[in-house]
Every structure is written in structure tokens, then in C-alpha cells.
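Here the protein sequences line up with chains A and P, keeping their order. Under numbering that gives the first Met the number 0, the first residue of the first sequence carries the number 0, and numbering increases by one thereafter. Under numbering that gives the first Met the number 0, the first residue of the second sequence carries the number 0, and numbering increases by one thereafter.
Note that these hints are calculated values from the structure, not bench results. Note that the structure is predicted; figures quoted are calculated from it, not measured. Take the hints with a grain of salt, since some may be wrong.
Because identical chains share one entry, a pair is satisfied inside a single copy or across any pair of copies.
Calculated pairs, SDA-like style, for lysine to any residue (alpha carbon to alpha carbon, straight line, at most 25 Å) [what the hints assert, rightly or not]:
1) K344 x E559
2) K248 x Q101
3) K223 x A45
4) K462 x R82
5) K188 x P279
6) K188 x E399
7) K344 x A585
8) K223 x D540
9) K72 x E62
10) K344 x G561
11) K451 x G239
12) K344 x E399
13) K344 x S240
Number of protein chains: 2
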Amino acid sequence: MAHYRVPQRELRFILNDVLGFARLSELPVFADATPDILDGVIDEAARFTEERLLPLRTIGDTEGCKLADGTVKTPPGFTEAYREYQEAGWVGLATDPEWGGQGLPYTLGKVVEEMVCAANVAFALYPGLTIGCFEALLAHASEEQKQTYLPKLGSGEWTGTMCLTEPQAGSDLGAVKTRAERLDNGNYKLNGMKIFISSGEHEMADNIIHYVLARATDSPDGVKGLSTFIVPKYKVNADGSLGERNGVKVQAIEHKMGLHGSCTCVMVFDDAEGYLVGEPNRGIMNMFTMMNLARIMVGFQGLGQAELALQSSQNYARERIQGRTLTGGSGPIADHPDVRRMLLKMRALTEGARAMAYDIAMQVDFAHGAEDPAQREAAQDWVDLFTPVVKAFCTDLGVESGLDAVQVYGGHGFIAEHGVEQIVRDAKILCLYEGTNGIQAMDLVRRKLQLKGGALVEQFYAKVEQALADAPDERAFLVEPLTQALAELRQTTTWLRERFNSNPNDAGAGAVEYQRAFALVALGYYWLRMLDAATGHPDADFRAAKAATARFFARRVLPEAGALLTQVRAGSDEMMDISIDALCAA
Amino acid sequence: MAHYRVPQRELRFILNDVLGFARLSELPVFADATPDILDGVIDEAARFTEERLLPLRTIGDTEGCKLADGTVKTPPGFTEAYREYQEAGWVGLATDPEWGGQGLPYTLGKVVEEMVCAANVAFALYPGLTIGCFEALLAHASEEQKQTYLPKLGSGEWTGTMCLTEPQAGSDLGAVKTRAERLDNGNYKLNGMKIFISSGEHEMADNIIHYVLARATDSPDGVKGLSTFIVPKYKVNADGSLGERNGVKVQAIEHKMGLHGSCTCVMVFDDAEGYLVGEPNRGIMNMFTMMNLARIMVGFQGLGQAELALQSSQNYARERIQGRTLTGGSGPIADHPDVRRMLLKMRALTEGARAMAYDIAMQVDFAHGAEDPAQREAAQDWVDLFTPVVKAFCTDLGVESGLDAVQVYGGHGFIAEHGVEQIVRDAKILCLYEGTNGIQAMDLVRRKLQLKGGALVEQFYAKVEQALADAPDERAFLVEPLTQALAELRQTTTWLRERFNSNPNDAGAGAVEYQRAFALVALGYYWLRMLDAATGHPDADFRAAKAATARFFARRVLPEAGALLTQVRAGSDEMMDISIDALCAA
Numbered sequence: 000m001a002h003y004r005v006p007q008r009e010l011r012f013i014l015n016d017v018l019g020f021a022r023l024s025e026l027p028v029f030a031d032a033t034p035d036i037l038d039g040v041i042d043e044a045a046r047f048t049e050e051r052l053l054p055l056r057t058i059g060d061t062e063g064c065k066l067a068d069g070t071v072k073t074p075p076g077f078t079e080a081y082r083e084y085q086e087a088g089w090v091g092l093a094t095d096p097e098w099g100g101q102g103l104p105y106t107l108g109k110v111v112e113e114m115v116c117a118a119n120v121a122f123a124l125y126p127g128l129t130i131g132c133f134e135a136l137l138a139h140a141s142e143e144q145k146q147t148y149l150p151k152l153g154s155g156e157w158t159g160t161m162c163l164t165e166p167q168a169g170s171d172l173g174a175v176k177t178r179a180e181r182l183d184n185g186n187y188k189l190n191g192m193k194i195f196i197s198s199g200e201h202e203m204a205d206n207i208i209h210y211v212l213a214r215a216t217d218s219p220d221g222v223k224g225l226s227t228f229i230v231p232k233y234k235v236n237a238d239g240s241l242g243e244r245n246g247v248k249v250q251a252i253e254h255k256m257g258l259h260g261s262c263t264c265v266m267v268f269d270d271a272e273g274y275l276v277g278e279p280n281r282g283i284m285n286m287f288t289m290m291n292l293a294r295i296m297v298g299f300q301g302l303g304q305a306e307l308a309l310q311s312s313q314n315y316a317r318e319r320i321q322g323r324t325l326t327g328g329s330g331p332i333a334d335h336p337d338v339r340r341m342l343l344k345m346r347a348l349t350e351g352a353r354a355m356a357y358d359i360a361m362q363v364d365f366a367h368g369a370e371d372p373a374q375r376e377a378a379q380d381w382v383d384l385f386t387p388v389v390k391a392f393c394t395d396l397g398v399e400s401g402l403d404a405v406q407v408y409g410g411h412g413f414i415a416e417h418g419v420e421q422i423v424r425d426a427k428i429l430c431l432y433e434g435t436n437g438i439q440a441m442d443l444v445r446r447k448l449q450l451k452g453g454a455l456v457e458q459f460y461a462k463v464e465q466a467l468a469d470a471p472d473e474r475a476f477l478v479e480p481l482t483q484a485l486a487e488l489r490q491t492t493t494w495l496r497e498r499f500n501s502n503p504n505d506a507g508a509g510a511v512e513y514q515r516a517f518a519l520v521a522l523g524y525y526w527l528r529m530l531d532a533a534t535g536h537p538d539a540d541f542r543a544a545k546a547a548t549a550r551f552f553a554r555r556v557l558p559e560a561g562a563l564l565t566q567v568r569a570g571s572d573e574m575m576d577i578s579i580d581a582l583c584a585a
Numbered sequence: 000m001a002h003y004r005v006p007q008r009e010l011r012f013i014l015n016d017v018l019g020f021a022r023l024s025e026l027p028v029f030a031d032a033t034p035d036i037l038d039g040v041i042d043e044a045a046r047f048t049e050e051r052l053l054p055l056r057t058i059g060d061t062e063g064c065k066l067a068d069g070t071v072k073t074p075p076g077f078t079e080a081y082r083e084y085q086e087a088g089w090v091g092l093a094t095d096p097e098w099g100g101q102g103l104p105y106t107l108g109k110v111v112e113e114m115v116c117a118a119n120v121a122f123a124l125y126p127g128l129t130i131g132c133f134e135a136l137l138a139h140a141s142e143e144q145k146q147t148y149l150p151k152l153g154s155g156e157w158t159g160t161m162c163l164t165e166p167q168a169g170s171d172l173g174a175v176k177t178r179a180e181r182l183d184n185g186n187y188k189l190n191g192m193k194i195f196i197s198s199g200e201h202e203m204a205d206n207i208i209h210y211v212l213a214r215a216t217d218s219p220d221g222v223k224g225l226s227t228f229i230v231p232k233y234k235v236n237a238d239g240s241l242g243e244r245n246g247v248k249v250q251a252i253e254h255k256m257g258l259h260g261s262c263t264c265v266m267v268f269d270d271a272e273g274y275l276v277g278e279p280n281r282g283i284m285n286m287f288t289m290m291n292l293a294r295i296m297v298g299f300q301g302l303g304q305a306e307l308a309l310q311s312s313q314n315y316a317r318e319r320i321q322g323r324t325l326t327g328g329s330g331p332i333a334d335h336p337d338v339r340r341m342l343l344k345m346r347a348l349t350e351g352a353r354a355m356a357y358d359i360a361m362q363v364d365f366a367h368g369a370e371d372p373a374q375r376e377a378a379q380d381w382v383d384l385f386t387p388v389v390k391a392f393c394t395d396l397g398v399e400s401g402l403d404a405v406q407v408y409g410g411h412g413f414i415a416e417h418g419v420e421q422i423v424r425d426a427k428i429l430c431l432y433e434g435t436n437g438i439q440a441m442d443l444v445r446r447k448l449q450l451k452g453g454a455l456v457e458q459f460y461a462k463v464e465q466a467l468a469d470a471p472d473e474r475a476f477l478v479e480p481l482t483q484a485l486a487e488l489r490q491t492t493t494w495l496r497e498r499f500n501s502n503p504n505d506a507g508a509g510a511v512e513y514q515r516a517f518a519l520v521a522l523g524y525y526w527l528r529m530l531d532a533a534t535g536h537p538d539a540d541f542r543a544a545k546a547a548t549a550r551f552f553a554r555r556v557l558p559e560a561g562a563l564l565t566q567v568r569a570g571s572d573e574m575m576d577i578s579i580d581a582l583c584a585a
């Protein structure tokens, strides 16, 4: 079986000792968010996750979702677990208290999310999309719409979806064809088909609120003609009770590589009643409210899967006895240097990614709750810059660590009952949805590097430089390669920003490698901060592991950044010059 | 659907133009192996593969194998396809004509194998293991055993297995517990359990010959106490007819990540009658006869899967229209630079790997058929050196390209019906069986680099240096980085060979990275040779694609080698110094 226990010590270390979680409680809006609250949330959520969600992980995979009688039957136990989760208040932990939420920091919501996504990432999608839908309506819906939908979504009594993709409109939402015809009463009638709709139909909650991207009949073509609509599964009466079934139905569910516990629906809108959200033709902007937070959420899904892979590998490697070590020992395979290499690689990347991910979460809270507008702006800049990086890096890491875990298990890793091959299958979708990781890289290179004349990335460099300058001499093992990597990243950033104007294909061709190099430099920065914070940790094993993992990162991971950046600067000419026929002929 | 057509032009290019296939027909033993024969084999095997095996790929995955009534039901259509394949003579294409084979070069057998492994890798295991069993018996069995088993195995009328692994004995075969008790008549009685036995039980052939590693009751512990035995499913009467059912039974079949069309059996030996093969206590040596060729075979399985991923991606990328390109075009996604990056990466690695793989196949033929003993020895040295590299690199490439293919397909890649997620699931086992890729790396570093005082690797360097020296000026784009990578590889090889003696953990910790860097340098060498050979190719698109792909390799792939070698030379101290508790604590 895959092995997972909530990494409580590590979570407290990252949040309290590295990132200064207590700073949030200095913000008036989060006055209650003390380290005590953090402890309480970790304890309670850990219990629920380990006892209730982890055992359903395998069941979700093997039983999957089934389409029958016009609805979707989720895997045995999922509905009961969802109801307990919802009743315990986990869905609304970080949502606006004006709408029934607990109003705790976004960061705390991510703590719970990491756990849930490690233990059962398929389950995590049901509340995850619900919160996404809630946030989008909170930002753009009318007061009346908020009154009708937010309390039920924020509490998780109803669940939500995000209906964007159509067969011909994936990365290119401008091609959306679903039509919305305005009726005399101001409502709309929607017709069309959406695919890849997570949680599109099920019976876990009393109602499902679809947040739908569609084109009003009088709107132009392209992205500028799209609007967003609420389409509830059951129409809601004026008194809040549920009315008649709306014309939105599941037509099929997909057979997928993994994530079997999450239903991925083909939804048909057949004269479905819908309600315009916000201004017409602002749909793409409205969607991005939801999408940006959703991208961070997906980053945490990847982080959770990476942690599951790491812990499973650690657990197996310390128990499995096989062969003699190179120095003649007969201990567990964790003493084989190649197994240690895999364990330390997973650990160096996962712990670094966790620091990066919770830092962005903290910045979301500061962007929302800081009193000083300059601090809010700086925090939002950080969020904007790091959203694609966290999404892409953490999700790639989920797959990469899943594959490493299978390798640590050897042939047994390929067998379903050991539970690690499922990580690869579940995690791969994370690299694809909410914008493929290639799209994330383009967002980083085309938009985020250009914003404010490059000021976002300069803010990041300044932080890394400060950390490098502050580091004591004994950190030279990391300071030296990180200084070099940062210099190459700066140089390549300048090159990319120039090329983006002179030859955009150069920027596009190197975006993915650039994004990974960027993330590795960021991880180097967080490893410096983790080493600082670990100095005073009471547990000698903990300090030793942090020191060894940081060394591994510096000497055996970070060199990759230089190679990636060299690849980026190779440009695109040789790639784009040949014809498609020459490119694609076997 | 995944897309595959046998890459006939590329196969002919690699074999005829790059590697000089016609040289084989100068060997007396292969006088018939002319380019005409190559053409005929490619044509015929391509037809069979595309028409009969490719359509069964999805069926194999979705239907899988089923255990019922003490036997295994293979997926619908597999038995019929196997019989046609066998009757057409494909199983015995390259086996010894003294035992009913066609005696064509091993290289030609690999040509067929690449196709079969691309179209339906699960199917490929049934004939693949059979040939492995044949080769082992050919090398070690008595004349009488050969008479009994070889004609039927060589023709594929019976199939074979390789029974090594037990729950406690995977990478460490010294821990094998299956016991063989010598009877008065000279036969043995075997008792024990074997796991992960591909093709262990099925009804595709009249009999199954198990080649079993077991410990005779009077043999010592450890690897030096193991012997090999023939254990037939049905005992064979003196007249060659089938006798009574032997005491070897399937107990269970595994539920696996992929390769569902191939049954992976738990086999129980319950007083099974077995016959000692060769000398007692020489079992490990005997197994390695089979294992070395099996490792090359698995490399071809990886190559086939990589080609399937490449072609599927090319096909999808040229047809799928989505969004505008960075230069404002509205063509297929193949015009997006990030998609081109993935296509060219897959292509640069797959085409390079193919050259490397067929070169080792040609060397197997020279090692067997050359008249000059020095040529035979040099060829065998090449085979010994490259066996782990081909196995590990090509199989890692299968998984890597499968993941890239899913990424090219976007969200659709995650959906089973598109057929590319299956590549990831099918290919991952290739990195695990016949020795994990970590074991391959250790074989390269611990054994192959040390053989003959390092002469094997020097022979390889000399070839690369010659190719570099011979390259015309216009290849500087590749010559320069390859010269540098070779210098770093040489330096790191010297470092590793020294460290292997002073601190073996250093060698173990860097073995996997070293192996990949070694392969990348080899691919650079083959790209030089491919560029030479392509000069005179009549098709302008072909020449353009080779030139662009070689540039991509030089500028956007090869830089990875330097980073990998830097990582290797970081050594292992920081990794091995911490306790297992510190290493594995969450």
C-alpha cells in the first residue's frame, strides 16, 4: 500500500519557522489566525484525512465512477465522506465569513488541501471546484445571486463546477460555441456541450452549480464575446428551496488514465436556464478570477501527490531488504546509494516546493488582508509571478516523484496493490488541466515577465540576492551554485524579454525549460531559508536531514538549471524553419 | 487513437545507409542477408504488424488477461494472432537453422521486434520470452534436451518463460528459495513459488517450457548454489508427444499499471518434475546467457514505445487546430514552438536511440558470425558495454516520450480512448524488469567500465573521436558541444573508476546519471553518423528534418550531459552520512 501520514512536523516547520505564519495574525482580518489555530487545524484535518480519506483512495481508483439512470454514482464511501467533511466545516474553512465561511486564512485552507490531495486527490476535486465556483461568484455575481448561491456553496452543501472546455475549445477558449440566448425575463437559455467537467454530475450534494462560459447570441466571435453564466442543476425557488430540474445533463463520463474517483463528465446544455454573471462579454476575465486560484490549488494537488510518493518510497526503502550494499552491508534498500539518490531527490524537490507553495499562499493572504496598499501590491505581484511556476513545477513533480516511487519499489511498483503506480496515473492530469504546463510557461514568459516592465521578477531576484548576502560562510556549498544559477537566470530573462519582441518563437520554444530553471532557483532560495530556520530545531535527526537534503539539492539538483538555461538561449530557428510535413513524417 | 505505421524509410536509412547492413551478408553465416531480404522482412512484418497486431493493442489493454479454471484467458484475438505470427515463421526468424530456425541475422529479428513492440508490446512478450528460453537452452542444455525442446520453441509451437523472481528475491537472486530435490532417475522435483512470470500460463500454445532458477537440496546458500531447470507444463513423452500435466500451476495473475495483454503470473511448483540444465550451481551464469539478450530485447521494447509516442504526437499535432501561434498563424498545434520542442525532443532521442540499438544488434551478429577472432571480440566488447545503456536509455525514453505524447494531446491525452496514456502505463515496466534501470547503471559502472582495464570504454571513445575528426566544418554546431561532452565523460569515467575502488558509494550514487550522460554522448556520435549518411538522401524533407533534428539535439538536448556529469562528480558523502531514521522521517 502507498504510505501517508500528514507531515505535521514539516508543515509546522515551514509555516511557523520558515514563513512566519504568525505574521498573518497581525492583520486585522486574520486576528484569530494564531499558531494555536494552525495546530488545531493540522491536528483535526490530519485525523480526518488519515482515517476517512486515505482508505478511500484505492476504492476510488478500483471502483471508479459509474454512469447510470442519468446520474453518476461516485465510488462507495465518497458521498458519506464528503458529507462528513462538509459538516465538519472543512469546505468553508477559508471562505468569507459574510457568507457563512470561517474566514480563516487562505494559507490554512491550503494546509488542509495538501493533506486531502495527498491522501485522496480524486476526492479533493469535489470540494475544490466548489470553492472555485464560490470565489468566482463572490467576485462577480450580483447581490441577489450571492444571496442565493454563496451560503450553500461556501458551506459545501451544494457543489460547484467550472464549465469551460468543449471538443474544439481547450487551450483556446475563444473557440467556445455554447450559445446563450437572452430571454425576455433577463434570464438566458443555454445550448451546447461541455467536456472534461469535473464533478459535473453526482449525488453527493443536493444541488450542483455550474459556472459556465458561453457566448450570448448577440456577442462577437472570439474570447471577447464570451460571458459567464450560473446554470444550476436544480433551479432555486425564491424561498431558497429547490425547484425543477434544469436542462443540463450528463451525457457520458470519461475513461481516464487515473483520477477514477473523480467523475469527468460530458455535459449537455439543452435549453438550460442560466443567469448572466457580471457584465456580458467579460467571461474570460471572470473565469480568470477562478482560474488563478484554481492553478494554485492544482499546484497543491501536485505537492500532495509528491509527498505521497516520497513517504511511500521512504517507507518501502526502510523496510525492504534486498541484496548487499556496495560496502557489504545487508540492511534495507535505503542503504543502496541509488535508492538514497531517489529518496533525496524527491525530498529536496518536495520540501523546496512546499516552501514555495506556502509562500504564495501567504502572499494571497497578504494581498487580501494587508493594510498597507504597497504591501498588498507587492504580495499580489508575487502571487502573479509565482502562480504559473507553482502550478507547473509542483504538478510535474507529482508525476516525476510517482515514477521515482515506482522505481524504488522495483517490479512491485508496477503492481496495482502497492498503490504507487496510481500516483503516476492520478498526477498526470494535474500537468494538463487548468492550463497545461506549457500554457503556464507561456503565461510566465509572455505575461508575468513583462508586467510592470519586469518589476515582478526583479522583486524576486532582490529577495534571492538578500538571502545570498545574509547567508553565513558555511552555506557556501549552496550560495556559490545558487549565485551562479541566479546570474544565468537573470541573463536569460533579459534575453527572453528581448526576444519576446524580436522573435516570439524563441520565447515560446524555451518557456518550459525556463520555467523549470526559474523554479529551481526559487527552490535554492527556499533551501537557504529552510537551513536558517532549521538551525534552532530541537531534533538532531531533523537538522541532519535538512542539512544533507540541502547539500543534495545544491550539488545534485541545481546543476540542472544551467543546462536548462543554455537550452533556452539556443532559440527556436532550427525548430521553426522546417515544414510541418518534414517535421511530422515518420 | 494512438497512431503507428512502421517507419520503413527510417529503418532502411539506419540499417543500410548509417550502419551498413550489407556488411552482414559478407559473413559466411549470413550470406543470404542482403538488403533485399531486409526489404522483404520489413514489408511483410510491417503488413502483419499494422493489420493484425496494432488493432489488438487497445483490446489487450481494456480486456486484459483473466484467470479461470486454472488457466489464463488471454485477450480476445491474441491466440489467433499468435498462431498466425508463429505459422508465418516470425518467431524463428533469427534462430539457429540447425533447430528449425531461419538463421537470419539477429539484427533482422530486432527489426521485427521493434515493430511488434511499437504496435503491441504486451503481445511481444509471448514470442519474446520464448526466444529467450530457446537461446538459453541452445547454450546450456544437453543434446537430448535440445532435441526435445528446441525445435518446438524455435518455431514458437511451444512458448517459454523465465522463472527467476520470488517475493523475497528480486534484484537479489541469491535469495531464491525454490528447492530442487534430486530423484534417483536423475530428474528433480521442484517446490516453491515464483512471481512476475510473464506468459506463465495461457492456452496460446500446446505447451509451455519454464526455465527455472532453483536451489538443489545439496547446494549452498547464495547465488553460487543456484541451478537452472527445465520444467515443462506438460511432460514430453519419449516420442515427442505430450504426456501428463506437470506440477506447475498458475496461482494468481497480477493487476498491473499496464501491459494488461501480457499475463503476469504467480506460479507454484508443487512436486513439479524438472530437468537440470548444464552444470549444477551454475544457474546464475546460465540465466545471464538469456538475460543479456533479454536486456537488449527490452531496449527494443522501449524503442518501439518511444516510436509509437512520437508518431502519435506527430499525427495529432499536425491535425489538431487550437489557438493562434505566437506569430499570428492559425495552423495546427505543430506550429506552436512548445509543441515543436516536444516533437523534436522525442524525435532527436528516438532516432538517436534507434541507431544505437541497431548498432548493438549488428555487433551481436558480428560477435557471432565474424571470421576474424579480433573482430568477434571487439564486437562482443561493444555488446557488453552497450547492453545496459541500450536497455536503460531506450526504456526510460519510452516512458518519457509517453508522458510527452500525453502532454501534446493536452487533456485528451489523459482519456483512455486516445491511446497515448497507455504508452506510459505499458512502458514503465520496461524500466523495471530484466534488471531495473538502476541495476543496469550499476552493471555499467561496476562491471563494464572495469572490464579489460577500461578498454571497452576506450574503444567507444576512439570511435567518437574518429567521427569528430572526420566531421566537416559545417557540423561544428554538433562537433563542438560533443567534443566538450566527451571530454567531461572521459574525465568523469576516470573519476568513477578510481572512486569505485576508494568509495564504491560514489560510483553507486552517480551511476544512473552517468549512464544517461554516456547515452547522450553516444547519441551525439550517432547523430554525426546520421548526418553523414543523410547527405545523399534523395528526399529534401528527409534531409531537412535530419538537419533540424540534429541541431535540436546538439543545442537543446546535449547540454544535459554536462549537468548530469557534474552531478555524478558530486559524490555520495552527504547522502550516505545520515541515518536511515533521519533519511526516512516525514
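Hints, verified against the model:
Within a single copy, K344 and E559 get their C-alpha atoms as close as 12 Å, and across copies as close as 17 Å, so both meet the 25 Å cut-off. For a Cα distance limit of 25 Å, the shortest separation of K248 from Q101 qualifies neither inside one copy, at 33 Å, nor across copies, at 60 Å. Proximity of K223 to A45 under the C-alpha cut-off of 25 Å is found in neither arrangement, the shortest distances being 44 Å within a copy and 50 Å between copies. In the homo-oligomer, the alpha carbons of K462 and R82 never lie at most 25 Å apart, since the shortest distance is 43 Å inside one protomer and 67 Å across protomers.
In this assembly of identical chains, K188 and P279 lie within 25 Å of each other by CA distance solely inside one copy; the values are 15 Å within and 81 Å between copies. Proximity of K188 and E399 under a CA criterion of 25 Å is satisfied in neither setting, with 44 Å inside one chain copy and 45 Å between copies. Taking the shortest Cα distances, K344 and A585 sit within 25 Å of each other only across copies (14 Å), while inside one copy they are farther apart (36 Å). In this assembly of identical chains, K223 and D540 lie within 25 Å of each other by CA distance neither inside one copy nor across copies; the values are 56 Å within and 40 Å between.
With identical chains, the CA atoms of K72 and E62 are at most 25 Å apart both within one copy (10 Å) and between copies (23 Å). Within a single copy, K344 and G561 get their C-alpha atoms as close as 18 Å, and across copies as close as 18 Å, so both meet the 25 Å cut-off. Taking identical chains as interchangeable, the C-alpha atoms of K451 and G239 are never at most 25 Å apart, the minima being 45 Å within one chain and 84 Å between chains. In the homo-oligomer, the alpha carbons of K344 and E399 lie at most 25 Å apart both inside one protomer (10 Å) and across protomers (18 Å), since each shortest distance falls under that limit.
When the C-alpha separation of K344 and S240 is checked against a cutoff of 25 Å, the pair qualifies neither within a copy, at 53 Å, nor between copies, at 56 Å.
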